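Peer 1: Protein sequences appear in the order of chains A and B.
Quick note: the first sequence uses the numbering used here, first residue 1, plus one each step.
Quick note: the second sequence uses the numbering used here, first residue 1, plus one each step.
For the record, the hints were derived by calculation from the structure and aren't laboratory data.
Predicted, not measured: the structure shown is a model, and the values here were computed from it.
Check before you lean on any hint, since a few could be wrong.
As the list claims (entries may be wrong) - Incomplete in silico selection of chain A near chain B, CB under 8 Å:
| hint | residue |
| --- | --- |
| 1 | 123 |
| 2 | 125 |
| 3 | 128 |
| 4 | 130 |
| 5 | 131 |
| 6 | 132 |
| 7 | 133 |
| 8 | 136 |
| 9 | 141 |
Backbone N, C-alpha and C fix where the C-beta goes; we use that ideal spot for every residue, glycine too.
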Amino acid sequence: MNILNTFFNVPVLLDSLPVLMMGLLVTLEIGVVSIVIGLALGLLLAVARLYAPGFVRTLIVAYVNVFRSIPLLVLLIVVYYALPFVGIRLSPFASAVTALALVSAAYTAEIFRAGIEAVPNGQFEASAALGLSNRHTMVDVILPQAIRIVIPPLTNNSINVMKDTALASVVAMPDLLKQATQAQALAANPTPLIGAAIIYVVLLCPMVLLVARLEKHLNRGKR
Amino acid sequence: MKPIVSIKNLVKAYGSFTVLHGIDLTIAEGEVVCVIGPSGSGKSTLIRCINHLEGFAPESEIVVDGVAVLPGANLARVRAEVGMVFQSFNLFPHMTVLKNVMLAPMRVRGMKPEAAAARARDLLARVGILEQADKFPGQLSGGQQQRVAIARALAMEPRVLLFDEPTSALDPEMVGEVLDVMKKLAGTGVTMVVVTHEMGFARQVADRVIFMDGGRIVESGTPADIFDSPQEPRTRAFLRAVLNH
Chain A
1 MNILNTFFNV PVLLDSLPVL MMGLLVTLEI GVVSIVIGLA LGLLLAVARL YAPGFVRTLI
61 VAYVNVFRSI PLLVLLIVVY YALPFVGIRL SPFASAVTAL ALVSAAYTAE IFRAGIEAVP
121 NGQFEASAAL GLSNRHTMVD VILPQAIRIV IPPLTNNSIN VMKDTALASV VAMPDLLKQA
181 TQAQALAANP TPLIGAAIIY VVLLCPMVLL VARLEKHLNR GKR
Chain B
1 MKPIVSIKNL VKAYGSFTVL HGIDLTIAEG EVVCVIGPSG SGKSTLIRCI NHLEGFAPES
61 EIVVDGVAVL PGANLARVRA EVGMVFQSFN LFPHMTVLKN VMLAPMRVRG MKPEAAAARA
121 RDLLARVGIL EQADKFPGQL SGGQQQRVAI ARALAMEPRV LLFDEPTSAL DPEMVGEVLD
181 VMKKLAGTGV TMVVVTHEMG FARQVADRVI FMDGGRIVES GTPADIFDSP QEPRTRAFLR
241 AVLNH
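Chain A on its own, in the form it takes in the complex:
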């Protein structure tokens, strides 16, 4: 059938599979590095927003608002194509990770802030009354409780970062999508693109299901 030969052409798929796998590896690298940096920076921003002096808090709020507003594709293109004019030349990989991590950190900071605010005030008071320092209050008392609350939204955010790695193909990063479009051009057949789409779904669907289960589990814990 024509449809099968066009979209699900097995020989084309098998030919392109090695490059698609190489692309998947790049996608995973960009995704994981961006997620880890975004998590660390986001947590730092959320805690700093609680304890830092006023002007730092204002800067953090501004950061969060700006990077939640800017389209990721625009940021990526600015980082890759505009920054060289001021002498900052980042590789495609570094550009992709920079843009993804900056945006992810803004969302992560908001998620952590909501999680910390969801911990009852009595926990802060009990910690203070015992003489615990701010650092110990956070590390031993507040964050362990906040992190339980924010695992589902953090996982959601990680899924988004993983999906957004596809934008890196516009800065010549040989990720899964880029490899697929090149293979498609080479084979004059869209099957590699279909293959890439399936790989994205197979990669991320388990995480989506995991979030749903976690949310159910945590809601049950709330009685």
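Following the hints, complete the assembly by docking chain B onto the known chain A.
Peer 2: This is chain B only, laid out in the frame that chain A set:
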């Protein structure tokens, strides 16, 4: 007797609403002081100022064991010497009972885990709850949780213990077990400031009873003074309302 807490002209306001109108109060070492009064009279706010969970007006002065209670580096020192038991327990729900009691001695006093665990077991035995050491707070009854909270406060070996309505959130049948622990404590010589609605406890255990109303200390004296021959009409009206029914 040597004063351990001295409060001078304590003024506390939320915006234009004044909660405490210049309280003066000195508490001696080893004294058990019960603070009674109607809801909204400022009694909880008063003891929450002692460890600076509530800030207060700059013209006020609170000194605990020679250290001024002010935001800054000394505040942690004051808080380490002043334990507090809350109405709603405020145990750490993600830690076992034992860890709840061990945490502050390890983090604030730098105690080794083995020593902190040994002290925690001692204290849990004292409040009659050692067999629950490895459970989580959520698995305990309210009375048991409050006894853990008392052990957690005691683990810091505080000079002063503040109780903020410790039995008000408990089911009636759990009140006795917590009051029993507090009575035993009062016999050990630790300074206690107890905000409470338990008049029987105040009469039996307190060295001094303070009646507050409208953000002022209306009357204070021995339990016999206050309960048997109150001088102020406001005190009499309050006691009539809470005792005769």
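Peer 1: Given residue 141/A was flagged as interface, is its beta-carbon under 8 Å from a beta-carbon of chain B?
Peer 2: Holds, about 6 Å.
Peer 1: How about residue 132/A: closest beta carbon in chain B under 8 Å, or not?
Peer 2: Since chain B brings a Cβ to about 6 Å from residue 132/A, closer than 8 Å, the hint holds.
Peer 1: With a cut-off of 8 Å, does the beta carbon of residue 125/A approach a beta carbon of chain B closely enough for the hint to hold?
Peer 2: holds, 6 Å
Peer 1: Hint check: is the beta carbon of residue 133/A less than 8 Å from a beta carbon of chain B?
Peer 2: Nearest chain B Cβ about 7 Å off; hint holds.
Peer 1: Hint validation: residue 136/A versus chain B, beta carbon distance must be below 8 Å. Holds or violated?
Peer 2: Holds - the Cβ of residue 136/A comes within 8 Å of chain B, reaching about 5 Å at its closest.
Peer 1: Does the interface hint hold: is residue 130/A within less than 8 Å of chain B, judged Cβ to Cβ?
Peer 2: holds, 4 Å
Peer 1: Quick one, is the residue 123/A hint okay against chain B at 8 Å, beta carbons?
Peer 2: OK, holds: residue 123/A within 8 Å of chain B, min 6 Å.
Peer 1: Restraint: residue 128/A near chain B, CB-CB cut 8 Å. Satisfied or not?
Peer 2: holds, 6 Å
Peer 1: When the nearest CB of chain B is found for residue 131/A, is that gap smaller than 8 Å?
Peer 2: Holds - the Cβ of residue 131/A comes within 8 Å of chain B, reaching about 4 Å at its closest.
Consistency note: the structure conflicts with none of the earlier hints.
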